[in-house]
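Participant: In case you want the letters, here they are:
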Amino acid sequence: DAKTTQPNSMESNEEEPVHLPCNHSTISGTDYIHWYRQLPSQGPEYVIHGLTSNVNNRMASLAIAEDRKSSTLILHRATLRDAAVYYCILFGGAGSYQLTFGKGTKLSVIP
Amino acid sequence: EAQVTQNPRYLITVTGKKLTVTCSQNMNHEYMSWYRQDPGLGLRQIYYSMNVEVTDKGDVPEGYKVSRKEKRNFPLILESPSPNQTSLYFCASGSLSGLRVDGYTFGSGTRLTVV
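Protein sequences, first through last, are from chains A and B.
Heads up: the first sequence at position 107 corresponds to 107 in the working numbering, and the numbers run straight through without jumps.
Heads up: the second sequence at position 62 corresponds to 62 in the working numbering, and the numbers run straight through without jumps.
No lab work stands behind these hints: they were computed from the structure.
Keep in mind that a hint or two might mislead.
To be verified - Derived list of chain B stretches under chain A, where covered just means 3 residues or more per stretch with a C-beta under 8 Å from a C-beta of chain A:
no.: 1; stretch: 43-49
no.: 2; stretch: 69-80
no.: 3; stretch: 102-115
Glycine included, each C-beta is placed from N, C-alpha and C at the ideal position.
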């Protein structure tokens with residue numbers, strides 16, 4: 001299985017942008033890059049996904065490196081509600097639909 | 001509202017007493033899955049189902065059973081629970097045609113304690 005590497009934890013000040021990195025050097029050509037987050041005491045929540053191009057939605061932006069070996073989830077203005085564990089997951093390649101979670105990055109937001 | 005509903009939210013039971021955790025989704029999703037989450041081990045997949053009557057093992061299926069008789073329901077059955085099955089359980093669903101782009105929707109979780 002293609003693996004991802006994320007920092008264990010990051011901190012951000014409230015209302016500042018946050019850049020959460022993810023390395024996936026063994027990504028295959030058909031793997032989608034998905035991001036989920038898990039707020040305390042809740043189930044994981046889909047955030048954003050992409051294949052090759054940068055993507056934006058109401059929650060975040062996803063910047064994908066040209067060689068696709070890394071990506072960055074961007075929260076434009078962190079709020080206290082964004083404090084969560086963020087998971088970067090490779091998904092959907094070769095018809096595989098198993099969502100395999102790593103340890104993720106625990107984001108703390110400082111008021 | 002589109003959602004995945006798990007019941008119960010909390011359950012304390014004794015070793016060996018059969019139990020079922022229910023999961024229901026109202027989005028007509030083909031794909032459903034069960035995960036357990038443990039400190040230090042993260043989220044691990046137990047079983048998944050690609051459609052009605054089609055189920056397959058995930059990474060940690062031992063001690064669990066599932067069934068998929070209807071599209072909307074995917075119950076998790078513990079025939080003889082043991083203390084090492086004390087965990088936080090999540091059900092998830094997704095549209096097969098849109099899984100790559102829409103991802104999964106997760107339930108709110110069931111915290112199970114086996115004493």
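Participant: State for each hint whether it applies.
Facilitator: Do the hints match the structure? See the list:
1. 43-49: holds (count 4)
2. 69-80: violated (count 0)
3. 102-115: Result for this restraint: holds, n = 8.
Of the numbered hints stated above, the single one contradicted by the structure is hint 2.
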